[in-house]
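**Q** Given next are the chains, with one letter for each unit.
4 protein chains.
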Amino acid sequence: MHVREMISTHPHVQGNTADQLIRFIEEAYSCAQTCTSCADACLAEDMVAELRQCIRLNLDCADICAATGAMASRRTGSNVEVLRAAIQACAEACRRCGDECQSHAEKHEHCRICAESCKRCAEVCQAALEEVR
Amino acid sequence: MHVREMISTHPHVQGNTADQLIRFIEEAYSCAQTCTSCADACLAEDMVAELRQCIRLNLDCADICAATGAMASRRTGSNVEVLRAAIQACAEACRRCGDECQSHAEKHEHCRICAESCKRCAEVCQAALEEVR
Amino acid sequence: MHVREMISTHPHVQGNTADQLIRFIEEAYSCAQTCTSCADACLAEDMVAELRQCIRLNLDCADICAATGAMASRRTGSNVEVLRAAIQACAEACRRCGDECQSHAEKHEHCRICAESCKRCAEVCQAALEEVR
Amino acid sequence: MHVREMISTHPHVQGNTADQLIRFIEEAYSCAQTCTSCADACLAEDMVAELRQCIRLNLDCADICAATGAMASRRTGSNVEVLRAAIQACAEACRRCGDECQSHAEKHEHCRICAESCKRCAEVCQAALEEVR
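So the sequences go chain by chain: X, A, V and S. With the UniProt record's numbering as the guide, the letters of the first sequence map in order to residues 1 to 133. With the UniProt record's numbering as the guide, the letters of the second sequence map in order to residues 1 to 133. With the UniProt record's numbering as the guide, the letters of the third sequence map in order to residues 1 to 133. With the UniProt record's numbering as the guide, the letters of the fourth sequence map in order to residues 1 to 133.
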């Protein structure tokens, strides 16, 4: 990912890179991929019937992470309230999905990795919310 | 769109179709397409430099509408808090984008149509939020 | 969906609306929603373990339909070769997913509806490919 | 990104990680972000009117990269022909967008970085196509 390089060359940014938002973008794209992978790995497990809720939360989390990551990548004009609301939804999705994946972490390594990714993304959502006002 | 048919055949739904949520799904997918089109039509206008904020809001609105429409399409398990937060972000995006498009509605027919689409979607977001608890 | 209204007000279109491409956009957004719903309904079925391949094809089909529907919505500048390649991928996804869903159509009404949606979208992909050159 | 970790823990993969496909997933998500950023940075430039084609290609490239990155992340069941067609569309999008961005690289640093990202992704598309059969 080359998020910092891209943001720092935006004509309106001029040094105000918003470092927590940059970290958020990186984690959001990464978490979107991880949750997409985890949903798919859960689907392949013998005990898929017990992983339905996990797959549901993974797919929702992937959707909101991808959308919010793209929104946070934009610096032209301003859309602060919308971006804040999206990051809040993303944080909630990451917390719920992280908790669910954590509960399967001992049985499924993909859930363990995904739980960590979701928790990192939820944390950086909070940091970004303090920065983006 | 065949949203109602699909939702009503989901094994967990059994008559509890959540009609406002179904309307939301239809408007969200439609608004995602309309905002994608409006961003592109604004980009082609001679006065594109004055439509930068409109394009930004259109792209953000398209992203959150598409993500939330997909999330609202899922009925397996439960993810109410996340869905509510996403719909709130979607409502905010539609209000902001609708207001911006409305301000260009007399000059640009695509902005007029898009403003209407955003306002419809914002309204049905509110109705869905009262239903999804 | 207000695809025709939006496309016909684009400053570069001027009557050259490309009717098959408009039909494609409508079917692509609709099929993205239907496949998202079908994946989720399959996940909730008792026999989910036998529907893994169907869920996989549904999710892939939803992704490519959503992306190609957005790409086909753009009329600023030109990107014909890319659009054609994306529509070809979309057609292939719709054919494969439609066939898989058809094989479950007697047991699952959501698969029957989804099979029809995929077949309509695959057909209009072909019609759009003849128009977009 | 934790693509390799996630793919290698998928129950069906068992060592057959498909290394070029893993590289493709990483580059596709990264290129989706870079193209989203480049479209937005171009929109903010004084000479936006001369960057319309670049913005168009950036947005299309972001859409197909994101969709194909998600599709390539799935290993449950099989969908080879669809994945190949999507990677071919992605490669074409990256080549076209990379060439357009390259032509603005001396004037705009974001276009220079984006051109490199697109070229890397186009190359790894070819490598993945030789692996995925």
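Source of the hints: derived by calculation from the structure; they are not laboratory data. Remember, predicted model here, so these are calculated numbers, not experimental data. Idealized CB from N, CA, C, for every residue including glycine. Treat the hints with care, since some could be wrong.
What follows is a set of in silico ranges between Cβ atoms, one per label pair, in the way DEER data are often shown [what the hints assert, rightly or not]:
id	chain 1	residue 1	chain 2	residue 2	range
1	A	GLN102	X	ARG84	21 to 29 Å
2	V	PRO11	S	HIS12	44 to 52 Å
3	X	ALA49	A	GLU50	36 to 44 Å
4	V	ASP99	S	LYS107	19 to 27 Å
5	A	ALA127	S	ALA127	45 to 53 Å
6	V	VAL13	A	ARG4	45 to 53 Å
7	S	SER78	V	GLN126	34 to 42 Å
8	S	GLU50	V	ASP99	14 to 22 Å
9	X	ARG4	S	HIS12	33 to 41 Å
10	A	ASN16	V	ARG84	27 to 35 Å
**Q** The structure should be examined with respect to each hint, and the outcome stated for every one.
**A** Hint-by-hint comparison with the structure:
{"no.": "1", "hint": "A:GLN102 <-> X:ARG84: 21 to 29 Å", "result": "holds, 22 Å"}
{"no.": "2", "hint": "V:PRO11 <-> S:HIS12: 44 to 52 Å", "result": "holds, 50 Å"}
{"no.": "3", "hint": "X:ALA49 <-> A:GLU50: 36 to 44 Å", "result": "violated, 56 Å"}
{"no.": "4", "hint": "V:ASP99 <-> S:LYS107: 19 to 27 Å", "result": "violated, 49 Å"}
{"no.": "5", "hint": "A:ALA127 <-> S:ALA127: 45 to 53 Å", "result": "holds, 49 Å"}
{"no.": "6", "hint": "V:VAL13 <-> A:ARG4: 45 to 53 Å", "result": "violated, 32 Å"}
{"no.": "7", "hint": "S:SER78 <-> V:GLN126: 34 to 42 Å", "result": "violated, 24 Å"}
{"no.": "8", "hint": "S:GLU50 <-> V:ASP99: 14 to 22 Å", "result": "violated, 46 Å"}
{"no.": "9", "hint": "X:ARG4 <-> S:HIS12: 33 to 41 Å", "result": "holds, 36 Å"}
{"no.": "10", "hint": "A:ASN16 <-> V:ARG84: 27 to 35 Å", "result": "violated, 43 Å"}
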